[in-house]
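Chains as they are written, first to last, in our numbering: chain A, 1 to 294; chain B, 295 to 588.
By construction, these hints were calculated from the structure, which means they are not laboratory data. This structure is a prediction, so every number in the text was calculated from the model and none was measured. Be aware that one or more of the hints could be misleading.
Stated by the list, open to error - Covered stretches of chain A, going by a simulated chain B footprint (3 or more residues, C-beta under 8 Å): (1) 106-116; (2) 119-132; (3) 169-182.
Stated by the list, open to error - Simulated restraints, written as ranges between beta carbons of each label pair: (4) B:382 with A:113: 40 to 48 Å; (5) A:33 with B:369: 44 to 52 Å; (6) A:78 with B:322: 47 to 55 Å; (7) A:279 with B:353: 54 to 62 Å; (8) A:76 with B:406: 30 to 38 Å; (9) A:87 with B:369: 30 to 38 Å; (10) A:113 with B:371: 37 to 45 Å; (11) A:234 with B:373: 52 to 60 Å; (12) B:341 with A:76: 47 to 55 Å; (13) B:584 with A:269: 57 to 65 Å.
For each residue, glycine too, the CB sits at the ideal point set by N, CA and C.
Protein chains: 2
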Amino acid sequence: MPPRPRPRARKRPARARSLDSLRRALASLRARGERVAFVPTMGALHEGHLSLVRLARRSAPRVVVSIFVNPLQFAPGEDFRRYPRPLARDRALLAAEGVDLIWEPRVEDVYPKGDRTRVYVEGLSDVLEGSSRPGHYTGVCTVVARLLNAVQPDLLWLGQKDAQQALILERMCADLLLPVEVRRGPTLREEDGLAMSSRNSYLSHAERQQAVALSQGLAAAWILLREGERSAQRLAAAIRREWDGYPLVREDYIAIVDPASLEPLQRVRGHALVAVAAHVGPARLIDNFPWRAR
Amino acid sequence: MPPRPRPRARKRPARARSLDSLRRALASLRARGERVAFVPTMGALHEGHLSLVRLARRSAPRVVVSIFVNPLQFAPGEDFRRYPRPLARDRALLAAEGVDLIWEPRVEDVYPKGDRTRVYVEGLSDVLEGSSRPGHYTGVCTVVARLLNAVQPDLLWLGQKDAQQALILERMCADLLLPVEVRRGPTLREEDGLAMSSRNSYLSHAERQQAVALSQGLAAAWILLREGERSAQRLAAAIRREWDGYPLVREDYIAIVDPASLEPLQRVRGHALVAVAAHVGPARLIDNFPWRAR
Chain A
1 MPPRPRPRAR
11 KRPARARSLD
21 SLRRALASLR
31 ARGERVAFVP
41 TMGALHEGHL
51 SLVRLARRSA
61 PRVVVSIFVN
71 PLQFAPGEDF
81 RRYPRPLARD
91 RALLAAEGVD
101 LIWEPRVEDV
111 YPKGDRTRVY
121 VEGLSDVLEG
131 SSRPGHYTGV
141 CTVVARLLNA
151 VQPDLLWLGQ
161 KDAQQALILE
171 RMCADLLLPV
181 EVRRGPTLRE
191 EDGLAMSSRN
201 SYLSHAERQQ
211 AVALSQGLAA
221 AWILLREGER
231 SAQRLAAAIR
241 REWDGYPLVR
251 EDYIAIVDPA
261 SLEPLQRVRG
271 HALVAVAAHV
281 GPARLIDNFP
291 WRAR
Chain B
295 MPPRPRPRAR
305 KRPARARSLD
315 SLRRALASLR
325 ARGERVAFVP
335 TMGALHEGHL
345 SLVRLARRSA
355 PRVVVSIFVN
365 PLQFAPGEDF
375 RRYPRPLARD
385 RALLAAEGVD
395 LIWEPRVEDV
405 YPKGDRTRVY
415 VEGLSDVLEG
425 SSRPGHYTGV
435 CTVVARLLNA
445 VQPDLLWLGQ
455 KDAQQALILE
465 RMCADLLLPV
475 EVRRGPTLRE
485 EDGLAMSSRN
495 SYLSHAERQQ
505 AVALSQGLAA
515 AWILLREGER
525 SAQRLAAAIR
535 REWDGYPLVR
545 EDYIAIVDPA
555 SLEPLQRVRG
565 HALVAVAAHV
575 GPARLIDNFP
585 WRAR
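So that you can see chain A by itself, here it is in the shape it has in the complex (with noise of 0.2 Å):
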């Protein structure tokens, strides 16, 4: 179910679109030399986005949104046009959250005429999301260094659902010496275990029972690590087993990787990215989990 904005007593969020009037709104919010969190989002807001808001409140007393679905990110023939735009209910879920501002560029505000610059990060890129979906993480890349030289914030959260974004947005802003704190946020889950995705939309009721796959399968490499096993060969076997249950499930990568270097492991010993992708009808979806060795 899609949560609904709860009732606080808050001042509305102010919005900005142009460049220009984010600049104004940002400069009065810190009037006070306050320090901001920021939350990148492609809108279609869900609890896991909301609790990326409630994280970046707890870090900042000023808090800013961006909504904006960048379409440098999506290869042809990709979701761009159908991915979903609840403007209306986004707004009023992150005025619940006692959101500051609410950044909403168009595309020209991100991307000026005559735009030729690209950011990216290399051999990150290439694996995993980035090897099915190519040019994907230059798109994120590019548009998530021109929101934040946009908002300047002091911090920046991430959500680990996206952990290879979140690793390469990480390094990022490290290696072009950003002066902003990333953070991430855990994977909200629905109660059947589904990662929380704004794509779990695309979904028939047939689909999104069998969905439950991607997160089976990773609880069941979870155990197998619990109980001992560092093969990753046998940890997909494992997740391939069990995504057998699921015949509208087409798998698209099961890989067990180095959380730093992206690059696969042969032997899980010490830390590890389980990390999972599959396509469910309409829908591409991707889940993972991070192995804390001891």
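Dock chain B against the given chain A, drawing on the hints supplied.
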């Protein structure tokens, strides 16, 4: 002749090396909210750099200069190792100009451990200098994005001598929504017309005398343009004819291009950039002039 520091009664510039020390120094510079102008350099300063510093001083109350020979913009086999690094002299020259802060980062201050992030400007980076020096402008954009994020200046001063670099960095700043105003200072020349460059120091006496070919060739093209010549082919031929008298000068390129897109022109109809590059002994020299239609 290299310029000598002129005696002036000024406060010595602050100096920073690490990012932390830079940020502390900047915070103290900005304590009264004064605007900051920034001149990034690779050191080996000449009057061209100093003229930018003077323009910067007139543009803002605070001036920051960086000295960093950026390894990423040199290809293997280029002159990274032998590039001149007269640091004590550079510091004295900047002190005499009343610079407020000199940032002298080490490589690891600009390229953190594990660095993988690159910035590039599509199209503009592959022609002229970019064609002769593959990867050069990715190196330039990647370092300048970092320097700008570290210094966060209000104004950035660049030299017209490196016209393509200035164009690409103007594009990058606009595209990445960097809150900085980019300005260009004119090319400074020796008495015989040779554009000032740190690489002129590579020239032997005989090579130095023939290096005048670049500005002589440009002057010939300029005179023809003034007389109404509009054929790019004939303008290039005039430059080449001029160069024929200088056997130590080996053409790299002679280009008459659109000053915004850098695309080659058949005929000069409006604005144009006339740009040349040549090898003179161990040095690769460049020069240009912007032609502005009435």
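Verification of the supplied hints:
no.: 1; hint: 106-116; in the structure: holds (count 6)
no.: 2; hint: 119-132; in the structure: holds (count 6)
no.: 3; hint: 169-182; in the structure: holds (count 8)
no.: 4; hint: B:382 with A:113: 40 to 48 Å; in the structure: 46 Å, holds
no.: 5; hint: A:33 with B:369: 44 to 52 Å; in the structure: 45 Å, holds
no.: 6; hint: A:78 with B:322: 47 to 55 Å; in the structure: 49 Å, holds
no.: 7; hint: A:279 with B:353: 54 to 62 Å; in the structure: 56 Å, holds
no.: 8; hint: A:76 with B:406: 30 to 38 Å; in the structure: 35 Å, holds
no.: 9; hint: A:87 with B:369: 30 to 38 Å; in the structure: 48 Å, violated
no.: 10; hint: A:113 with B:371: 37 to 45 Å; in the structure: 38 Å, holds
no.: 11; hint: A:234 with B:373: 52 to 60 Å; in the structure: 54 Å, holds
no.: 12; hint: B:341 with A:76: 47 to 55 Å; in the structure: 52 Å, holds
no.: 13; hint: B:584 with A:269: 57 to 65 Å; in the structure: 60 Å, holds
This entry does not satisfy hint 9, going by the numbered hints stated previously; all others are met.
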